[in-house]
Amino acid sequence: MKVTEKDVAYVADLANLELSDQERARMLRDLNSILGHIDTLNELDTTNVQPMAQVSDRYDSKPGSDRFAYASREDVHEGLRKSLPHDIAVANAPDSNGTFFQVPKVIER
Amino acid sequence: MNLSSLTIPGARAAVQERKTTATALAESFYRKIGKDDPQIGAYLALCRERAISKATEMDALAAKGENLPPLGGVPIAIKDVLVTKGIRTTAGSKILGNFIPPYDCTAVARLEAAGAVMLGKLNCDEFAMGSSNENSAWKPVHNPHDLSRVPGGSSGGSAAATAAGMAVAALGSDTGGSIRQPASFCGVVGLKPTYGRVSRYGLIAFASSLDHVGPLAKTVKDAAILLRTIAGRDPMDSTSAELPVPNYVAELDKPVRGLKIGVAKEYFGQGLDNEVRNTVEAAIQKFAALGCEIVEVSLPHTRYAIPTYYIVATAEASSNLARFDGVRYGYRAAGVRTLSEMYRRTRDQGLGAEVKRRIMLGSYALSAGYYDAYYLKAQKVRTLLTRDFEDAFTKVDVIVAPTSPTAAFKLGEKVDDPLAMYLADIYTVTANLAGIPGISIPCGETTEKLPIGMQILGKHFDEATILRIAHAYESSRQSSVLSS
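Chain order of the listed sequences is B and G. Under the numbering used here, the residues of the first sequence are numbered 1 to 109, in order. Under the numbering used here, the residues of the second sequence are numbered 1 to 484, in order.
Hint data in this document are derived by calculation from the structure and do not stem from the laboratory. Possibly wrong hints are sitting among the right ones.
PhoX-like mimics (lysine-lysine), calculated; alpha carbons at most 25 Å apart, straight line [claimed, not checked]: (1) B/Lys2 <-> G/Lys254; (2) B/Lys82 <-> G/Lys85; (3) G/Lys286 <-> G/Lys254.
Here chain B stands alone, though its shape is the one from the complex:
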């Protein structure tokens, strides 16, 4: 077993999940089963291999241009797309006063 009950509790905390006792037991079993399979990656020597975070930089449409060139443009000063109107932006909120999103108390002490 690679993942322990303590790990499950720690990672659930990182992910803002609580999980019931039953869910934690199941998670322990599933994560160990999946990570067992994932460990086959260690058969590969990747010392001199560059990591690939995303696809686009492998087929740059303008050869020789900077990485991520596809994602940059000149600054636009006028004619920017308008933001959502305030009332529409908060319309889906579970709790709002029409101007702000409202949440329970943030400071817990």
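Starting from the structure of chain B, add chain G where the hints point.
Relative to the frame of chain B, chain G by itself:
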């Protein structure tokens, strides 16, 4: 009019030539949905008002004798991970159970601008995470070919609605095979374009470097028409490519003689069902008969694709799904006293088991002490998997493989074994990791009359060639069916 065999050109021509109206056509689809969908479960929401409004607009054009746009009056449906203004969009999750998006995703906006009539939103696995559609928080989808079986996932509703004739075609999304695998299980065509070909703006994010929007349709030509409509640069998605979009339909009938078809032995190894193997091998012989050259290639890292995928995809998902916290939209747990308690309870109650499992796996892989061992390692193997394709494509034009190791499995068969479910994606995830295009087309059926699909993979931005080869195969298959 036979709705089950209606294609895009057929529907458009019927409206254009005033054999029917777009309004009447939409209404007949709604009647069919009302009659058949209770058994299948493909739709989560209908948007009749919006559909009829667009249909009326198309009818007015046709009545004036004006030329309809390419999808004029054609009824289509949309996977529920694509946001639609004013139409409830849930991504198959309880946490978005009451979400009414304030804007349209680019792909839907482009379809409607081309005259398409949106019938409604289609069921899927929660946040597109699943291979059987059983992770939908709302209801399972049943395969129209055998109601005891899954339609595949995660675009199970899209594939089932298209196969059952409850929409002429549909949009889906594909992060690890979610268009191609259900297309294969339901006997329809499913196309995952190149990463960057179709804007992801308004696609509810699962794994941003692997997510793709694409069509499911009855014919290769329909898929080509839909791709042509939704493809192309979108300023709202900075990863969308600034490349011209070819006229895919015009390229379909170019000859395929002399094209080199790669066959990778790694895609025909252990775990592949014998009937699927024999059917796909027979299809490859068909390509030889069409004058293509069959070339053996090797994709040596294929066995590492699933472990790589399930690290990269879950790591990205754990980050993307952090936004579902009960603050700005969606569900919020009741009776909580503090903010952190609200986050936890909301996510505990709003997210399903598979989504939590993936968030946990991704958070673990990204956590201090494990980042190098899992996430960085997987990113490096992703480079190796991509190089495998780059090397192979110096020798061949396309690669042909099974879409899935088996035909559709039974509902409930794999729900308790997440690893077995993940292994169902073994032939599809590599195309997402490498960003290359792939299309699944029907190529036969099992003795139990279940559809079998094969996958044609191509070079970056070379959808035209995979569509052309798929079309040549489809035409030859139809003519042999007709002559037998």
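We went through each hint and held it up to the structure:
{"no.": "1", "hint": "B/Lys2 <-> G/Lys254", "in the structure": "violated (55 Å)"}
{"no.": "2", "hint": "B/Lys82 <-> G/Lys85", "in the structure": "holds (16 Å)"}
{"no.": "3", "hint": "G/Lys286 <-> G/Lys254", "in the structure": "holds (17 Å)"}
Going down the numbered hints, you'll see the structure goes against just number 1.
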